[in-house]
Amino acid sequence: MRILVCLNVVPDTTSKITFKDNNTKFNNEGVQFIINPYDELALTKALELAEQTQGTVTVIHVGLIDSEPNIRKALAIGAHDAIRINTEPKDALFVATQIAIIAKETPFDLILTGRESIDFNGGLVCGLLGELLNIPSINVATKIECHQNTITATRDIDGGKEQLECSLPCIISAQKDLCEPRIPNMRGIMAARTKTLTIREAVAENDYSEYIAYELPSPKQGVKMIDASDAGQLIDLLRSEKKLI
Amino acid sequence: MPILVFAEHHNGIFKKSTFEALSYAQDLAHASKSIVTAVVIGQVTSQLSSLGAYGANSVISVLGEGTDFFTTEAYSEIIAAEATKINANTLIISNTYCGKSIASRIAVKLKAGIISGVVELPKSDFSVKKTAFSNKASVMVRLKSDKKVFALVPNSYEVKTYDLSPSISESTSNVNAATIRTKSINISKVSGKIPLTEADIVVSGGRGMKGPENWGLIEELAQLLGAATACSKPVADMDWRPHEEHVGQTGITIKPTLYIAVGISGAIQHLAGVSSSKVICVINKDPEAPFFKAADYGIVGDAFEILPKLIERTKQLQA
Ligand SMILES: Cc1cc2nc3c(=O)[nH]c(=O)nc-3n(C[C@H](O)[C@H](O)[C@H](O)COP(=O)(O)OP(=O)(O)OC[C@H]3O[C@@H](n4cnc5c(N)ncnc54)[C@H](O)[C@@H]3O)c2cc1C
Ligand SMILES: Nc1ncnc2c1ncn2[C@@H]1O[C@H](COP(=O)(O)O)[C@@H](O)[C@H]1O
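If you're matching them up, the sequences are chains A and B in order.
According to the numbering used here, the first sequence holds residues 1 to 245 in order.
According to the numbering used here, the second sequence holds residues 246 to 564 in order.
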C-alpha cells in the first residue's frame with residue numbers, strides 16, 4: 001500500500017503569538033516550528049498501516065527550505081521518502097492544488113492529512129484535495145483500519161461518532177486519539193540522512209485569498225473576584241449582570 | 246448575488262447553527278440587496294416555512310437519492326448543484342464537522358474561494374475575520390474569487406428574527422447512489438446530552454476535581470444550567486471522562502456564552518480551546534492559577550465547597 005502524508009510545519013503550541021509590520025505579518029522571531037501535531041498522528045498511523053501491508057510512506061510538504069529540519073524529523077520517525085514543493089503556502093486551496101499535481105503523477109492508495117493546521121485552523125485541505133483528486137474524503141478520524149481494497153474508519157460527527165467503510169483510494173484527516181505519536185530514535189535519525197528528499201517547484205495556480213491583517217484578542221477587562229464564603233453570588237451576578245442564566 | 250445557506254438539521258430538527266447561518270446570510274443579503282435561499286436536504290419534521298423567521302427568502306427542499314442521511318460525497322454534490330441552479334455566488338455553511346466536510350468539496354466543485362472559521366460579517370471588500378492560532382489571534386482574509394464559501398463558527402453570530410414568508414420549492418437530488426464510495430456502518434450519538442460545540446453554557450472540570458467519582462457535582466450544576474460538560478486534557482487522558490469532552494488546542498474548540506472552569510489551571514493549550522467564550526468563570530483553590538487572568542469572574546476556593554453552593558443557589562433561584 002502506498003501512503004502519502006501531508007505534513008505542515010507550524011509554531012509550537014506554547015509560542016507567544018505576536019505580529020509585525022503593523023500587524024500584517026506573523027512575527028516568527030524566537031518561535032520554534034514543529035510538525036503540526038495532527039500531522040504527527042497522521043504520519044504514525046501511516047507507518048502502522050504500511051508495516052501491516054508492506055507498504056511505503058511518502059511525506060509531502062508545501063513550504064520553503066526552513067521546513068527541512070521537520071521534514072527530516074518525519075523521515076527519522078520512519079517515512080520512506082519526502083517531497084517538498086518549494087513555495088510559500090498561500091492558503092489551503094493553493095496547498096491542495098500543489099499536492100494534487102504530485103498525487104496525480106504517482107497515484108497513492110491512501111492519503112492522510114491532519115485534522116487542521118494549528119496556525120490557521122482551516123481544516124480544509126483534506127476535503128479540497130479529495131475533491132481535486134475525485135476520491136472520497138473522511139474528516140476527523142479517530143480510528144482507521146485497512147482491509148483488502150477498503151478501509152474502515154471512525155470519525156467524529158456533531159455530538160457523536162460515525163463508523164464508515166470506504167473504497168480505496170481515499171483521503172482521511174487525523175483527529176487526536178488516532179494513535180500515539182512516535183518519536184525518532186538514533187537509528188532513525190541516522191537513516192534519515194540518506195533518505196530521498198525531492199524538491200519540486202510550485203505550479204502557479206488559483207490566487208483566491210489574501211491575508212490582510214492580524215489581530216490579538218482584546219484583553220479581558222479584569223477579573224471580578226467573588227468571596228468563597230459567598231460563592232452563590234456568582235449565580236446571582238450571571239443572572240442579573242450578564243443575563244446568562 | 247443570491248446567497249445559499251445549507252440548512253443543517255439533526256433528526257429532522259433544524260440546528261441553532263442553521264438559524265445563525267440564516268441570520269448571517271440575511272444581514273449580508275440586506276447590505277447587497279440580494280436574497281437568501283435555504284437548502285434543506287432530506288425529510289424534516291420542522292416546518293420549512295419556519296426558516297423565514299430566521300432570514301430565508303426562499304427554501305428548497307431536496308429529496309431523492311442520497312438525501313436520507315448525511316454523506317460528505319452526496320451532500321456536497323447536491324449543494325453544489327443547487328448553488329449552480331440558482332446562480333448563488335455566496336454560500337454560508339456552518340463550521341460544524343458535517344458542514345466543514347462538505348464546504349471544502351463544494352468550493353472545488355464551484356471553483357469558489359473558501360474561508361473556514363469565520364466569526365463576523367464580511368466587510369464590503371469581502372474581507373472577513375476568521376479565528377487563527379487556535380484562538381490566540383484572528384486574521385482578516387479577503388477572498389478575491391467571484392464565488393465564495395464561508396464556514397461560520399457556531400455561536401459567533403446572533404440569531405435574529407425576520408418577518409419573511411419564504412417561497413418553498415422542491416428539488417430532486419442529482420446523486421446516483423451507486424457512485425457514493427463511503428458507506429455508513431454505524432452512528433453512535435452521545436444521547437440525551439447537549440453537543441459540546443453547540444452548547445450555550447459549558448461546565449468544565451480539570452485535574453482539581455481529583456477523580457471521576459466527583460463528577461456528579463459538575464453534572465448536577467450543568468444539568469441545572471442546561472449546560473454541556475467538558476474537561477481538560479489530562480482528565481480525558483486518565484479516562485476520568487470521555488475524550489469527546491476534552492477541550493483545548495488538541496481537543497475541541499468551543500465558543501459558549503458562558504464557560505465555568507472548575508479545578509483547571511488554565512494552561513495556554515487549554516485556553517486555546519475556550520478563550521473566545523463570552524464570559525469565563527474560574528473556580529480554583531490556587532489564587533495564582535493562570536486561568537484567573539483570562540476570567541471574568543473568579544472564586545478562590547475548594548471546588549468541593551464551592552460547587553455545592555453554586556448548585557444550591559441555582560436551585561433557589563429556579564424554584
Ligand atoms: C502539545 C500540547 C497540547 C495540549 N493540549 C491540551 C488541550 O487541548 N487541552 C488541555 O486542557 N490541555 C492541553 N495540554 C495540557 C496543558 O498543558 C495542561 O497540562 C492541562 O491543561 C492541565 O490540566 P488541568 O488544569 O486539569 O490540571 P492541572 O494543571 O494539574 O491543574 C489542576 C488545577 O486544579 C486546582 N485544584 C486542585 N485541587 C483543587 C480543589 N480541590 N478545588 C479547586 N481547585 C483545585 C489546582 O490549583 C490547579 O490549578 C496540552 C499540552 C501540550 C504540551
Ligand atoms: N503547507 C502544507 N504542506 C503540506 N501539507 C499541508 C500544508 N498545509 C496543510 N497541510 C495538510 O492539511 C491539513 C489541514 O490543514 P489546513 O486545512 O491548513 O488546516 C494539515 O494537517 C496537513 O496535513
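In case anyone wonders, no lab produced these hints; they're calculated from the structure.
Treat the hints with caution; some may be incorrect.
Here are the simulated lysine to any residue pairs, SDA-like style, with alpha carbons at most 20 Å apart [stated by the list, open to error]: (1) A:Lys243 with B:Gln468; (2) B:Lys560 with A:Ile245; (3) A:Lys242 with A:Glu215; (4) A:Lys90 with B:Glu489; (5) A:Lys25 with A:His80.
How the hints compare with the structure:
Under the criterion of a C-alpha separation no larger than 20 Å, the hint pairing Lys243 (chain A) with Gln468 (chain B) is consistent with the structure, at around 18 Å. Simply put, Lys560 (chain B) and Ile245 (chain A) have alpha-carbon atoms about 12 Å apart, close enough for the 20 Å limit, and the pair holds. A threshold of 20 Å between alpha carbons decides the hint, and for Lys242 (chain A) with Glu215 (chain A) the separation of about 26 Å lies outside it, so the pair is violated. Between the alpha carbons of Lys90 (chain A) and Glu489 (chain B) the distance comes to roughly 32 Å, so the proposed pair goes past 20 Å and is violated.
Distance hint between Lys25 (chain A) and His80 (chain A) is unfulfilled; the C-alpha atoms sit about 35 Å from each other, more than 20 Å.
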